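Given chain A, work out where chain B should sit, using these hints.
2 protein chains.
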Amino acid sequence: MFPKNTYVNRRNILKQTLKSGIVLLPGNGESSMNYADNWYPFKQDSSFLYYTGIDHIPDLYFLINIDTGEEILFGNNATPEEKVWIGAPEKLESFAEKSGFSTVKPLDQVASYLKTQLDKGLHVHYLPPYRGAQKIAISNLLNIPLAEVEANKSTALIQAIVAQRERKSAEELVELNEAVNITRKMHEYAIRNTKPGMTEMEVAGALNGIAVSGGGGLAFPIILTKNGQYLHNHATTATLNEGDLVLCDSGAYNKMGYGGDMTRTFPAGKTFTPLQKDVYNIVLNAHNTAIEVLKPGIRFKEVHLLASKKLVEGLTDLGLMKGNADNAVAAGAHTLFFQCGLGHMMGLDIHDMENMGEQYVGYTPELEKSTEFGLKSLRLGKELQEDFVLTVEPGLYFNPFLIDERRAQNKYMDFVNYDEVEKFKNFGGIRVEEDFVITKEGSDLLGEPLAKTVADIEKLRNN
Amino acid sequence: MFPKNTYVNRRNILKQTLKSGIVLLPGNGESSMNYADNWYPFKQDSSFLYYTGIDHIPDLYFLINIDTGEEILFGNNATPEEKVWIGAPEKLESFAEKSGFSTVKPLDQVASYLKTQLDKGLHVHYLPPYRGAQKIAISNLLNIPLAEVEANKSTALIQAIVAQRERKSAEELVELNEAVNITRKMHEYAIRNTKPGMTEMEVAGALNGIAVSGGGGLAFPIILTKNGQYLHNHATTATLNEGDLVLCDSGAYNKMGYGGDMTRTFPAGKTFTPLQKDVYNIVLNAHNTAIEVLKPGIRFKEVHLLASKKLVEGLTDLGLMKGNADNAVAAGAHTLFFQCGLGHMMGLDIHDMENMGEQYVGYTPELEKSTEFGLKSLRLGKELQEDFVLTVEPGLYFNPFLIDERRAQNKYMDFVNYDEVEKFKNFGGIRVEEDFVITKEGSDLLGEPLAKTVADIEKLRNN
Chain A
1 MFPKNTYVNR RNILKQTLKS GIVLLPGNGE SSMNYADNWY PFKQDSSFLY
51 YTGIDHIPDL YFLINIDTGE EILFGNNATP EEKVWIGAPE KLESFAEKSG
101 FSTVKPLDQV ASYLKTQLDK GLHVHYLPPY RGAQKIAISN LLNIPLAEVE
151 ANKSTALIQA IVAQRERKSA EELVELNEAV NITRKMHEYA IRNTKPGMTE
201 MEVAGALNGI AVSGGGGLAF PIILTKNGQY LHNHATTATL NEGDLVLCDS
251 GAYNKMGYGG DMTRTFPAGK TFTPLQKDVY NIVLNAHNTA IEVLKPGIRF
301 KEVHLLASKK LVEGLTDLGL MKGNADNAVA AGAHTLFFQC GLGHMMGLDI
351 HDMENMGEQY VGYTPELEKS TEFGLKSLRL GKELQEDFVL TVEPGLYFNP
401 FLIDERRAQN KYMDFVNYDE VEKFKNFGGI RVEEDFVITK EGSDLLGEPL
451 AKTVADIEKL RNN
Chain B
1 MFPKNTYVNR RNILKQTLKS GIVLLPGNGE SSMNYADNWY PFKQDSSFLY
51 YTGIDHIPDL YFLINIDTGE EILFGNNATP EEKVWIGAPE KLESFAEKSG
101 FSTVKPLDQV ASYLKTQLDK GLHVHYLPPY RGAQKIAISN LLNIPLAEVE
151 ANKSTALIQA IVAQRERKSA EELVELNEAV NITRKMHEYA IRNTKPGMTE
201 MEVAGALNGI AVSGGGGLAF PIILTKNGQY LHNHATTATL NEGDLVLCDS
251 GAYNKMGYGG DMTRTFPAGK TFTPLQKDVY NIVLNAHNTA IEVLKPGIRF
301 KEVHLLASKK LVEGLTDLGL MKGNADNAVA AGAHTLFFQC GLGHMMGLDI
351 HDMENMGEQY VGYTPELEKS TEFGLKSLRL GKELQEDFVL TVEPGLYFNP
401 FLIDERRAQN KYMDFVNYDE VEKFKNFGGI RVEEDFVITK EGSDLLGEPL
451 AKTVADIEKL RNN
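So the protein sequences, as listed, match chains A and B.
In terms of full-length UniProt numbering, the first sequence opens at residue 1 and continues consecutively.
In terms of full-length UniProt numbering, the second sequence opens at residue 1 and continues consecutively.
No lab work stands behind these hints, which were simulated from the structure alone.
Treat the numbers as computed from the prediction; the structure is a model and nothing was measured.
Not one of these hints is a red herring.
Sample of chain A residues at the chain B side, in silico, Cβ under 8 Å:
1. TRP39
2. ASP45
3. ALA88
4. LYS135
5. ALA206
C-beta atoms are modelled at their ideal positions from N, C-alpha and C, and glycine is treated no differently.
Only chain A is shown next, with the shape it has when bound in the complex (with noise of 0.2 Å):
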């Protein structure tokens, strides 16, 4: 846990923001696979750890009176039988004082609370529930139809936790520093040592294990795949040949449930072929190029163009594009190769604060989110500010059902030689992914440097 001060100031800032009110923020439960008692590994919700600092506990309710001031853990200490499954755990009334409030009542008690606050006329704000087990919970507590939670979550207080959470501290900087060193490790071991002969998930325990050392486990599913161009392709049993590009997606949560989210990719044999290495160039130019103009004040959405935009300047080199890039860009055809986002915020979740809701975490009511292909996907589009942190990860991706359906459509006939790109259906995909803090001037890199180039890339093959 962080000191004291740090959730004592974190809960006065949302009190001042809210004004009154309830806010009732509920802990995960357990998460169950395929019975009942057999869990997936804990997963603490994001809000209720940034505003308690209480992780690994199921089944706990935070709430705060802003009326009356009260502060309340809703929650039961291990019982005398309990020990014997899991012996002595620190007790809730430890975690309280740790962070900074008093009260501890038992669980069988939220629901009598709460009801009393209703019948008095008071507001109960909540955040958008994403597990079936917190919208039964929601349902039967505020007396809400299950059909109708998702539409009675409190937009004021996503967007007054949104306005704190965006902006990392400094002490949040170190956690996510550290969560970014066990991602690179993670990396650095698949580039080193991925063979010809090896299958994905081989390769992808062992990243998984590398994650789950570090003390948070994975951050999310593992992408590690020969099929890059698929943008969600998980690990399969593919085996890894000679000649496959292996684009590896992955990242790890550190003990403080900060994460670190990275892609690189590289040959599964020792170097990369011409045409590899061509195209890897354009990718990293445009992440280059990307990171250099990071700084706050500029849209994130602007910077996602420009990456766009050095994208096809590259393909056009290659000539697989034509005409003026800038046009190219407008009219979407960009989207046939890069068809999701240039990155997203990351904290405590990896896309953070997503189930909020992006018009909230990446967009403005003057900058709403697009619905065109491509821009639908860029999950940030705002002006950056000081201490926001987020990915930057642009890539390319020759997916031979979108090449196929496109020219089927006749679409971006003026930019596209479709002829040159039916030789790279059988390509894969190329993403290069880092995460940075925006700084005063402009931006710094998240954890320790990792190869990027194809020369260092290469001779971490080779090593």
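Just chain B now, kept in the frame of chain A:
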């Protein structure tokens, strides 16, 4: 997948048993970690998998209308846009063909189909759901209030499925052997590579990696701890030191979804202390004694009590217990050190079919589960049959809280030398666990043998 006939036969047997009504088998959805689209590894529902063979695809419903003979898979194939993200997965129609049924309908037709059947007065059988999202789905599809979903489960369906799944076929045993061999690899790695100075998490991470590389991932959260006296103590950031005993209880699924579950206890240093050796041998002796009597016809509760008696005899030799061993077990005095059950059924679930209810899986109307401390944690009590697969996992757990509590209660005074027991409050816990299939005459070990004597474990530690 197994050959088509496997699934056709399994469904035919189910239909013959139930005779009429509709069987609704919901497949699992993705399970959200800390926002909706950040998922834990997908785990298919075991009964859905057993009757269809379809894994890795979320959001499917399989439905057998026994009265009309219809077998329908409700689900959606990837849309063109989804192919950008995941490529072109195998079509549902292809899985249907491999599974031996012909009808695939879009997901959104499951509700109207069921409504029509309910209107006709047909009974819909379903299993008790174990995820919030499943509960909500069943409530909506069958128009049952959420609070009554559990009560309306079909005990006829539960009993029919248990009768099928509890006896493993030859082709299932091949898979179970593979799963146990992946599990064995995890344990051999742990015994060979654990060193003083490493954290529990570091070792657990590597084992997690081996499980993922094996193709099916972790079958349950890894218990890897120097505090083995707490039965379900998961790996923490605690450092393993010379002199510590390391209890590792972990297992993997194989590619077909079958699980393995083993435990080994070994010294963090190179050798056991003389006292650790003595206690280890008591557990090993109980383990071996239990294995010797495994065969069709014997109640597993008897095996549990026999193993308990062996533990008492060993503890008596060691000076911790006294008096007649049979009387001690009858009085439950062994539960001061062995608080749980000797084993459980294993298959597609590690605690096989646990969510259907232990009264159906592990007991019979003639042999109900005890509510006494100790026996109430024995998941399997009933007569063994050929082709049952189960774990044998006796242990001795010196839980300081329980020792204090029982002594304060003056419990088991005729059988326990509490002054001697006090000296073991820092000893830890020891468990030895392997997996067996019941054969015509006895039992066979699943997987290749792994060191389990003190000498063999020390040999592995020193290689």
